Amino acid sequence: MRWVLHVDLDQFIAAVEVLRRPELAGLPLIVGGRGDPTERAVVSTASYEARAFGVGSGMPLRIAARKAPDAVILPVDAPAYLAASAEVMDELRAQPGAVVQVLGWDEAFVGVDTDDPEAYARRIQQAVLDRTRLHCSVGIGDTLVRAKIATGFGKPRGVFRLTAGNWDEVMGERAVIELWGVGSKVSKRLAGLGIRTVAELASAPEDALVSEFGPRMGLWYRELGRGGGSAVVDDTPWVPRGHSRETTYQSDLADRTEIERAALVLLDQVLDDVAEDGRGVIGLGLKVRYAPFTTKTFTKRIPETTDRPAIVAKAHELISRIEPDRPVRLLGMRAEMALPDDAREGRTPTRGAW
17 MRWVLHVDLD
27 QFIAAVEVLR
37 RPELAGLPLI
47 VGGRGDPTER
57 AVVSTASYEA
67 RAFGVGSGMP
77 LRIAARKAPD
87 AVILPVDAPA
97 YLAASAEVMD
107 ELRAQPGAVV
117 QVLGWDEAFV
127 GVDTDDPEAY
137 ARRIQQAVLD
147 RTRLHCSVGI
157 GDTLVRAKIA
167 TGFGKPRGVF
177 RLTAGNWDEV
187 MGERAVIELW
197 GVGSKVSKRL
207 AGLGIRTVAE
217 LASAPEDALV
227 SEFGPRMGLW
237 YRELGRGGGS
247 AVVDDTPWVP
257 RGHSRETTYQ
267 SDLADRTEIE
277 RAALVLLDQV
287 LDDVAEDGRG
297 VIGLGLKVRY
307 APFTTKTFTK
317 RIPETTDRPA
327 IVAKAHELIS
337 RIEPDRPVRL
347 LGMRAEMALP
357 DDAREGRTPT
367 RGAW
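Take any residue in the sequence shown, count from 1 to its spot, add 16: that is its number in our numbering.
Worth flagging that the hints you see were computed from the coordinates, not collected in a lab.
In silico DSS-like links for lysine-lysine, alpha-carbon gap of 25 Å or less:
#, residue 1, residue 2
1, K171, K83
2, K201, K312
3, K312, K204
4, K316, K330
5, K312, K330
6, K204, K316
7, K316, K201
Taking CB as the label site, the calculated pair distances span:
#, residue 1, residue 2, range
8, R82, R317, 38 to 48 Å
9, L209, E39, 45 to 55 Å
10, S336, P95, 32 to 42 Å
11, R147, T273, 52 to 62 Å
12, D86, D223, 48 to 58 Å
13, S336, D86, 38 to 48 Å
14, A191, S336, 30 to 40 Å
15, F309, D132, 42 to 52 Å
16, A329, R147, 43 to 53 Å
17, E194, D86, 30 to 40 Å
Computed from a predicted model, the values in this text were never measured in an experiment. Where is the CB? At the ideal position from N, CA and C, for every residue including glycine.
Take the sequences, apply the hints, and build the full model.
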């Protein structure tokens, strides 16, 4: 039988740092920014020991330092994590019959024909550990969605199977926000429709979901509530949907001209990245974090274009929505690109970039 396995490295960034500094094993460890909690930065990852103090990814580093005052705080070292990730993915590709779809530094789908997916998952765990000394959890499913969600039940270092047979039992009464691709904004919109659990989403009227989210995403969310969707693991190179850049400023930006200039600098970097892909832009996004820590995002669909001045003009419409007289601590710009015709068959809607 064909199975989908989702391999997720346990506390990946922290684990890589511990391998480089074995004396940190068992200590609360936080990785973020330049490792200086007096600077404006956020937590990239926290070890399980640090999480016990309430530290989590995305938390301001200075707050994390207050929650875990004895934690070791290290700077982000992206090249080291990329190298470790490449070794893991190479090992996954070396497994018999494996088709590997990389999702990020620390996770991938593996498609395989096997009569014993649990045994195959355990072999993967051992192979990755032997080669890299990194532990991973494995979710087993009959769709990408079920495999991805199953991994959470297997953490850390475990294996869990989630299929059509046990989906309702395991997921039915859980909150919709526990589904892959449902964030706080979508869950609030679903709650407005009286949908709070996975089972309620699975049985929700199609017309209500389509009215709220549109024909594509409305139908997708109902399918998500059933654990459905694609079962295809596609090893063709990942095609990004867009490019984004963001910066946290060590001092708040207060002058309107300064804010606009900073946003356009980020946009210029994004459009350089887009130009390398050679695809048209179909949407723009602006992320603004006002002091002390209120975040707003604005998006705009645009007709597909590669005309840089036209894109910049549309971006000005978003930038004009930044509230006057509010200091800004972070800005981000994003450009969504048109997907090529040969984009992956197994593409699945997931949480947005921001």
